[in-house]
Amino acid sequence: MSLPKRVRSAWQYLFGNSASAFGTLSGVLLILLAVVPAKDYFREWLGYQKQYLRLIHGRGDATSLSRRFQGGLQQIWMPELGVVDRCTTCHTALKEASLADVKTQPFRPHPAIPHKLTEFGCVICHRGQGAATTVEEAHNSTKSWEEPILPARYLEASCGQCHLDRLMGTPRLNQGRDALAQYGCVRCHTIKSPDGVTMTGSDAPPPLQHIADKTTREWIAAWLKNPQAYAGSATMPNFQLADDETRDISAFLIAQSTPYQTHKGTEPAPAASQDTAALQEGTSLYGESFCSSCHAMQNTAGMLVGGNLGPELTRAGSKVKTEWLADWLRDPKTYDPDTRMPHYRLDAKEVGLLIGFLSSKSDSDFLGNTQLAAATPAQVEHGKTLVIERGCANCHAINGVKKPDNFAPELTLVGSRPLERILFAPGVPHTLADYIGAKIRQPRSFGNALKMPQYTLAPQQVDALATALLAQTQLAQTLPVSLRIPGRAPSHYRPAGKAGQLIDDMRCFSCHKIDGRGGDMAPELTWEGSSVERAWLVSFLKNPNTLRPSLIRRMPKFNVTDAEASTLADYIMTVYQTPAFDQETLDSSRFTPADVEHGKELFYGKYACQSCHIVDPNKDKGYIGPTLTQVGARLTASWIFHWLKNSQSLRPGTQEPVWNMNDEDARAVTAFLVAQKNAPRKEAAQK
Amino acid sequence: MANSLAEQLANLRDTRVWRSIFRSGFGPTNLHRALAVQQNVFLHLSSVKIRKRSLSFRVTWFLGTLSLGTFLILVATGIPLMLYYHPSVPQAYADMKDLRFAVSAGVFLRNLHRWSAHAMVLLVFAHLFKVFYRGAYRPPREFNWVIGVVLLMLTLFLSYTGYLLPWDQLAFWAITVGSNLISAVPVFGTKIRFLVLGGHTVNANALLRFYVLHCVVLPLAAAIFVAIHFWRIRKDGGIYSGEIKKP
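Protein chains in written order, with the working numbering: chain A, 4 to 690; chain B, 313 to 559.
Be aware that a few hints might be false.
Claimed, not checked - One-sided excerpt, in silico: chain B residues whose CB lies under 7 Å from chain A:
| hint | residue |
| --- | --- |
| 1 | K409 |
| 2 | F413 |
| 3 | A414 |
| 4 | S416 |
| 5 | A417 |
| 6 | F420 |
Stated by the list, open to error - For lysine-lysine, the following DSSO-like pairs were computed, each having C-alpha atoms within a straight-line distance of at most 30 Å:
| hint | chain 1 | residue 1 | chain 2 | residue 2 |
| --- | --- | --- | --- | --- |
| 7 | A | K603 | A | K624 |
| 8 | A | K324 | A | K406 |
| 9 | A | K501 | A | K336 |
| 10 | A | K195 | A | K119 |
| 11 | A | K98 | B | K409 |
| 12 | A | K146 | B | K409 |
| 13 | A | K119 | B | K409 |
| 14 | A | K53 | B | K409 |
| 15 | A | K53 | A | K336 |
| 16 | A | K195 | A | K406 |
| 17 | A | K406 | A | K336 |
| 18 | A | K406 | A | K516 |
| 19 | A | K336 | A | K545 |
| 20 | A | K609 | A | K624 |
| 21 | B | K442 | A | K42 |
If you are wondering where the hints come from, they were derived from the structure by calculation, not from laboratory data.
Just so we're clear, the structure is a prediction, and the values are computed from it rather than from any experiment.
C-beta atoms are modelled at their ideal positions from N, C-alpha and C, and glycine is treated no differently.
Isolated chain A, as found in the complex (with noise of 0.2 Å):
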């Protein structure tokens, strides 16, 4: 029989009269309709399941893995914050620590966190589809879905939509939150924590009223086009400045110049001493004065040596002029009154010393590219638009240009900004993350007529910025308030009097915290009236030694005087006590030998505290700590104990351990650092 043929009868066999074809119609839908319960059946997580059965099956502890073990569509359900997350329907080993050896996912159980699993669910955290149950579905981007998996690097900024404090375990959130107040980038664009406060740049920009009495206009060109060619760790970034641009904003930044009240006229500026011995001393006074704790200096390895809370110096020669330099050095303030170097009390010898050295540091290679001839009007007038269109007023004080609001986009929520609204540069994964990565490395790439400068990041500092954008998200908005753990609000603590005044003059505030304000650089002093002795304060302040040996960073003199020096030590002593205890709990002249003798055995046996700390220098090789070998002079026995009883609710966040010692305890050690009043002095030289 010929295949028509067959065809044909087979037709006619099943459609050839209408009960046939009702019977062989009724079949065919019967069997689509058995479609549905298969497709049921052939669940990718069911497949899973089973496959976890098999994975536990011959295992040591299979009975109790399994007993544990549930079947079925899983999911963890907390309607007050809109979580319904299916994950643990495939991953159903999170809590199986006894599972560690396990590497294949969905079995692996979950890394120890501060959360219990089922508070938050995965989303809140991990992003993706909770509610979804298969595998393409609940990690990736799809039609249905737009946020995928968050990658492991950017975690923390998950943690960010609570935590709006600083926690231990998030550094690259931390660094990220940083850099955006560092790097200026929160001066252009306004960026809300969840609670409401507007993080506020932590930067000092130099205002540029008086630029001329400061600098050359061919400084400035030369600085616009490549800041990071004058100073390696310069935080401006580059604006990507064409050469006639430079040009026209350095004629305007000189024309709207206006002269400040300078020392000129008052007394003589030093003049500069250039000799070789004098070279030597200044480099030495620059050494003994400190400077290089906030100041960053190449070296002639070409390494940058210093602190990073004022300009890096190496070419500082190329760029100031000396009678402003001298000015400068005598006191800041009269410069910039909002500036954080501190009033040196220094000379006129020694601000001729400065002088000369800083002068001695120029590099005729920077400058050497850079002629400009003199402005026209024009010019001026353009380099006005440019400075407008830029917005150099976002950061620095400018006559004439006001400060724009709303400059560049709010960043608030930038977290959830929707994938549908964003404009993709070729080449850029099409993901939240790899967008903001990739605006924050090129910002030109995704057009040339962007204003965003370009910054020098190391990749690091990118994604440490990424993750801290990643928690601006809407969820952090409408998480329930008492989930929030607030940031440290703002600060605007002044202190009084004559105290105050001196605090400010020395600009105390940049390096101390003292009641929320201030930097981080050095040790808080909120308490430290409670802390230390009036003597050691007085002594401290006149001549400032380190108490930690590790550190480079200390804190610099200040050339006070006998009367400054009292009136801050009684200022601190009266006012920064803390109410945790009472000076009065702990009279240390009732401390006996004995108690001397058993403070030692426990500081040296059952506390090791030599590990961290030196009491006898000859013997102890603790560098992480500060030097006891004269603690009984510093620190008061009240503050000892109460310290070494709970340290952290007396400075959260020190690296000293909680001991929760016994109050005998306490006391025996107590007493033995009281006896540390002088050090050892002899000994330690002869060593």
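Keeping the supplied structure of chain A fixed, place chain B upon it in accordance with the hints.
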């Protein structure tokens, strides 16, 4: 076996209970057949007798029957879908996700509803075209044509109201655009839109209104008009099967 089954059935038909439900007797005559149709609430919508010619595929392409079929599928799938759906803003889209990922055969249920809805719109349109091009709207069937147009409108409204219920972006913007069209009506435009949406924008009230329209008001209206439609087919002389050629 077959005999005994037939016998049992015959016996069943003779019982008092059977006779109390189906009053027409069982028999081979046309009277019996006519009674069977006439005395049944559902069957009596259609004629007791129809021309064999009007049953052939060529005459109607079965478009009316197919429309009814999709309508029945939509009712049958719509009711279980209602069991899984809450017409509230926070829950509506999550319910779509549940149907997709957690409910047994939820995807099948939703897809069947969706595709049947599309098919119904197409079939009702095709039905009207067929009727139009064959001239079946002419007297005495002009009233039934009007009913048919009303049913087309109801079908479109059902489709439109159902489109909002998934509460996704597509739904939201489709209804936003659609309801903005309403406001182009002279004088009362914005008032009507306010009435339809229960507000000035597509929001929780609009969702609830559309849900009630989609699940209660419009299906009931459609059922009533379908009944009238079928009843009128009988009254207007059965399905139009073309001009009777005069010899």
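Right, here's what the structure says about each hint:
no.	hint	verdict
1	K409	4 Å, holds
2	F413	4 Å, holds
3	A414	6 Å, holds
4	S416	5 Å, holds
5	A417	5 Å, holds
6	F420	5 Å, holds
7	A:K603 with A:K624	16 Å, holds
8	A:K324 with A:K406	28 Å, holds
9	A:K501 with A:K336	17 Å, holds
10	A:K195 with A:K119	29 Å, holds
11	A:K98 with B:K409	26 Å, holds
12	A:K146 with B:K409	13 Å, holds
13	A:K119 with B:K409	26 Å, holds
14	A:K53 with B:K409	24 Å, holds
15	A:K53 with A:K336	74 Å, violated
16	A:K195 with A:K406	19 Å, holds
17	A:K406 with A:K336	22 Å, holds
18	A:K406 with A:K516	29 Å, holds
19	A:K336 with A:K545	22 Å, holds
20	A:K609 with A:K624	17 Å, holds
21	B:K442 with A:K42	39 Å, violated
Against the hints set out earlier in the document, violations occur for numbers 15, 21.
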